Amino acid sequence: MAVSGLIMLAYLVAHVAGNLKVFFGPEEFNGYAHWLRVMGAPVLHHEWGLWLARIVLLAAVGAHAVSAYQLSRRDIRARPTRYAHRRKGSSYATRTMRWGGIIVGLFIVWHVLDLTTGTVHPGFESGRPYQNVIDTFSTWYGNTIYIVAMLAVGLHVRHGFWSAAQTLGVGNARRERALRLLANVLALALTAGFIAVPVGVMTGVVN
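FYI, this note's numbering numbers position 41 of the sequence shown as 41, with every residue one higher than the one before it.
Think of the hints as simulated: they come from the structure by calculation, not from any bench.
Be aware that one or more of the hints could be misleading.
[What the hints assert, rightly or not] Each pair of labels, with its calculated beta carbon distance range: (1) 111 x 31: 19 to 25 Å; (2) 167 x 128: 39 to 45 Å; (3) 173 x 15: 31 to 37 Å; (4) 141 x 31: 28 to 34 Å; (5) 34 x 173: 45 to 51 Å; (6) 71 x 139: 33 to 39 Å; (7) 13 x 78: 32 to 38 Å; (8) 199 x 27: 17 to 23 Å; (9) 102 x 167: 17 to 23 Å; (10) 139 x 75: 35 to 41 Å.
Treat the numbers as computed from the prediction; the structure is a model and nothing was measured.
Yeah, the Cβ is synthetic: ideal placement off N, Cα and C, and Gly gets one too.
With the hints as extra help, turn the sequences into a complete structure.
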């Protein structure tokens with residue numbers, strides 16, 4: 001779970017950096033989208049690099065989901081009845097990890113159908129990602145789904161990064177404060193970066 005989570009975190013950092021190119025106009029954003037399809041050239045054929053990235057990401061998502069299910073089953077077997085009192089010191093992010101994961105998983109499906117395949121996107125135009133982004137975030141439901149999902153991503157990253165550090169043996173009592181601070185900064189930066197795009201469209205900064 002820790003390794004697959006860190007792979008997805010690396011993807012999120014790269015993804016938010018690419019998303020923010022939308023603020024530099026259609027030429028730069030569409031150029032970035034085109035580069036994704038030719039990265040690795042001339043060694044790799046058209047879209048091979050993109051599909052390799054997709055396969056790695058899909059494997060990470062699958063491994064993360066399977067690990068979450070296995071850990072959940074172990075939890076239930078170890079203690080079939082709930083604690084009478086909530087554990088002290090557990091944060092909201094910790095307590096909502098499972099629901100947050102489900103929300104993010106459902107969002108990934110919707111996001112692919114919306115901005116990759118265009119299945120649920122009326123007026124989707126292949127090869128015009130900038131316009132497709134504006135179309136999506138010009139609707140109340142597009143904004144609502146995206147912002148709720150990004151808040152869930154932020155909470156998930158906040159707890160998940162610190163938890164992964166403990167699992168992989170990086171964390172200890174001396175580093176705990178620094179790791180928690182880094183987890184908070186990462187979660188806040190990713191959430192703000194992703195939400196900046198729909199807010200930019202809603203306010204007319206991106207048009």
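Checklist entry - When you take the CB atoms of residue 199 and residue 27, is the distance between them in 17 to 23 Å? => result Given range 17 to 23 Å: holds, Cβ gap about 22 Å.
Checklist entry - Do the beta carbons of residue 139 and residue 75 sit within 35 to 41 Å of each other? => result 39 Å, holds
Next on the checklist: Just to be sure I understand the hint, the distance between the Cβ atoms of residue 102 and residue 167 should be within 17 to 23 Å; is that true here?
Outcome noted: Hint holds: Cβ distance 21 Å, inside 17 to 23 Å.
Checklist entry - Between residue 71 and residue 139, does the beta-carbon spacing fit 33 to 39 Å? => result At 37 Å between Cβs, range holds.
Next on the checklist: Quick check on a hinted range of 31 to 37 Å for residue 173 and residue 15, using CB atoms only.
Outcome noted: The hint (31 to 37 Å, Cβ to Cβ) holds, given that residue 173 and residue 15 are roughly 33 Å apart.
Item to check | 19 to 25 Å as the expected CB spacing between residue 31 and residue 111, which holds or is violated | outcome: Holds, since residue 111 and residue 31 (Cβ atoms, about 21 Å apart) stay within the stated range.
Checklist entry - Between residue 13 and residue 78, does the C-beta distance stay in 32 to 38 Å? => result 34 Å, holds
Item to check | Status of the given 39 to 45 Å range, CB of residue 128 versus CB of residue 167 | outcome: 42 Å, holds
Item to check | Status of the given 45 to 51 Å range, CB of residue 173 versus CB of residue 34 | outcome: Since residue 34 and residue 173 have Cβ atoms about 49 Å apart, the given range 45 to 51 Å holds.
Item to check | 28 to 34 Å as the expected CB spacing between residue 31 and residue 141, which holds or is violated | outcome: Hint holds: Cβ distance 29 Å, inside 28 to 34 Å.
Hint compliance for this structure: no hint is broken.
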